[in-house]
Structure formats: structure tokens, C-alpha cells
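Taken in order, these protein sequences are the chains called X and A.
Going by my numbering, the first residue of the first sequence is number 1, and it counts up by one from there.
Going by my numbering, the first residue of the second sequence is number 1, and it counts up by one from there.
Derived from the structure by calculation, the hints contain no laboratory data.
Hints are not guaranteed to be accurate.
Stated by the list, open to error - Chain A regions said to be covered by chain X (calculated; three or more residues, Cβ under 8 Å):
no.: 1; stretch: 46–60
no.: 2; stretch: 116–123
What the hints assert, rightly or not - Taking beta-carbon pairs under 8 Å as the criterion, some of the chain X residues facing chain A (in silico):
no.: 3; residue: R21
no.: 4; residue: F46
no.: 5; residue: W48
no.: 6; residue: R52
no.: 7; residue: C67
no.: 8; residue: D103
no.: 9; residue: S108
no.: 10; residue: M111
no.: 11; residue: V112
no.: 12; residue: D113
no.: 13; residue: N123
no.: 14; residue: L124
Stated by the list, open to error - Derived SDA-like pairs (lysine to any residue); straight-line CA-CA distance at most 25 Å:
no.: 15; chain 1: X; residue 1: K141; chain 2: A; residue 2: S91
no.: 16; chain 1: X; residue 1: K120; chain 2: X; residue 2: I36
no.: 17; chain 1: A; residue 1: K108; chain 2: X; residue 2: I36
no.: 18; chain 1: A; residue 1: K29; chain 2: X; residue 2: R148
no.: 19; chain 1: A; residue 1: K108; chain 2: A; residue 2: R132
no.: 20; chain 1: X; residue 1: K120; chain 2: A; residue 2: Y41
no.: 21; chain 1: A; residue 1: K29; chain 2: A; residue 2: Y41
no.: 22; chain 1: A; residue 1: K108; chain 2: X; residue 2: E140
no.: 23; chain 1: X; residue 1: K120; chain 2: A; residue 2: S86
no.: 24; chain 1: X; residue 1: K141; chain 2: A; residue 2: N98
no.: 25; chain 1: A; residue 1: K29; chain 2: A; residue 2: T47
no.: 26; chain 1: A; residue 1: K29; chain 2: X; residue 2: T78
no.: 27; chain 1: X; residue 1: K101; chain 2: A; residue 2: N160
no.: 28; chain 1: X; residue 1: K120; chain 2: X; residue 2: S108
no.: 29; chain 1: X; residue 1: K101; chain 2: A; residue 2: I112
no.: 30; chain 1: A; residue 1: K108; chain 2: X; residue 2: T78
no.: 31; chain 1: X; residue 1: K141; chain 2: A; residue 2: I79
We put the CB at the ideal spot given by N, CA and C, even for glycine.
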Amino acid sequence: MWFIGAISAFVITVIAHAVLRRIKMTTGNITVSFLIAACLPAVILFSWLVARFGCASQAWAGLLVFCFLCQLYVFLITFAMASVTANCLVRLSQNQDPETKIDSLYESANMVDVRIDRLKAINLINETPSGLIRLTTLGEKAVHIFARMRNFFYHRPIASNAGDRSYF
Amino acid sequence: MNLAGAETLTGITYLIFHFCAYAFWLRRKDLFQREIGIFLYHFVSATMFAFVLLSASLIQQVDAAAAVALVATHGIYSISFLELWSLSEGSYSIGILNELASGPARSKAALIDARSQIGSTKKANRLQILSRFGIVIGEEDCWRLTTRGRYLASVLQALNWLTVTKQTG
């Protein structure tokens, strides 16, 4: 029962997110809109689990399964939206002519352009009136955090991994 | 709370050990600095963890709910870890932020010009990887999807439809 409850709450969250994304006045950030959509189902699920099972393992299991499914879903939708691999696949599936080159389907300049707009939308960079792009304070913090993470994970310096080994 | 049973403590201890083994030892090893190594480290661990716990719950050695809770916890931990690992390793957006952090402010056109070549390299790299998995076939710049690739692309398009993601990058 707790498992079905968790799955149902997740399905309701996905539907609520799809509806939220179709309402123009909500945030454009896909992750934030998902978190907004997940709040109410999460509270209802947790209340129901506690009311039914108290603090027994079923209550925690239901909540953790819900959290896991939500995290997996966020990973998948951000992957489908932003990953180079996913974009290559989607562009190729929309193309009818096998002779068309990938560069004309998915332009490198467009890849950068879209990402700059996305970084602007989440306030990591901004554009001055003279048209110059620079980091915001939040952007500087993000750079520091990722520099620390790169050190922790023992990644090579950015310049040398420009060719990129990542699937994502 | 009932979750604090012996099986739960053992499971949580295992997850802490899994992380500590990476943090204090494995991250310095070359294999764990590569995507395949870090992916297998988590995938094999999660699969075996799930197998052991769910088998134990089937023979009623472990409470089924506690077993599922632990498997979900491993899933949350592994996805978070792999996302952070991947983001800090090769994200295109982080690359743009780093470029701005290491130099003066520049125009959008200059930034696009500087990063476009990396975009082309990334595309070529990913398509080569996809062809190794039999998802695309082709040569040079002309690629097409295999049946498996078409199925995968449909899933991605369904996700984009669900989230109304029109402008993909």
C-alpha cells in the first residue's frame, strides 16, 4: 500500500509539473517548477503515511521511494533538455534526409547561444547595457563551488578536458 | 522508529563506507577519474545492494519496507553523486562560466566564437560514443539513428513534450 501511495504521488507530481509548465506565469526554471509541483503531493503523501503507519519503516520507505523517483525524473528531464547527446538524438530523429550533416541540424553556435540564455535566466551571468556578458555574484559562487568539486573528484583542469570525456 | 533496525544500520554503514572508500582512497586512482569507472562503482554497488536486500526480504530475513527504503537511499545517493561528478567534469555551461571567471567580460558573439569549436568537438565525441553503443550509424558528419536510437529519441521527445521544452540546446 505504501509503495502504491508513493508511485501515485509521483505520477500526480509529474502531471502537476506538466500543467505548471503549460502555465505561462510560472518560473521558466524546469527544476524549480518541478520542486513547486512536488511540494503538495509530498506533504499529502507524508501525512497519509504517518497517519496510516506511524513512524514504522513503511512510512519512511514510501517517502524515500517518492524522493528517489522524483530525483530520477529531474535527472532525466534535465538530460533530455540540456545534454548534447540527447539533443543530437532528437535532431537526428527529426531529420528525414540521411545526407544532412549534423552541423546543419545542430549548430555549435546555437549550442552556446542557448546555454548563455539559460545561464542568464537563472541569474548566473548578466549582460551589461554595452552588451558585455559577465558573471553575477551568484555566478562567481557557482564557479568556486564547481572548482572545489573538480578538485574533490580529481578531474583534470578545464583547459585539458575541453574535448570532454562525459556522456552527458 | 522501526527503520533503526540492525539491517538499516548495516545498510547505512555500507553507504557511508562506500562514500568514504571513494573520498579517502579511490578518487586518486586513474580508473575512478574516468566516467566508466565511477559509473560502474555506483552501478555495481547499487545492483548488488538491491539484490542482497531484496533477496533477504523474500526469505523474510529483512523487513521488506526497510529493504526498499535502503535501496531507494542508495539510488538517491548514487544519482546525486554521479550528477555532481558529471557536472563538474564536463558541463558545457560550467565551461562558459569558467571562461568568464578567468577573463574579462566579453560580448555574446565573442563568447559564442570562443566556445563553438568545443561544441563541435563535443558533438563529434558523443556521436562516436553513441555509434559504439549501436545507437547511431554513419560516418564523418552524416549520421542516422538505428532502431534502438529511434526508440531512445522517442523517449527523449516524450520527456520534452511533457515538460514543454521547445528550445533545446
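- Query: Hint by hint, which ones does this structure get wrong, listed from lowest number up?
  - Reply: 1, 4, 5, 6, 13, 17, 19, 20, 26
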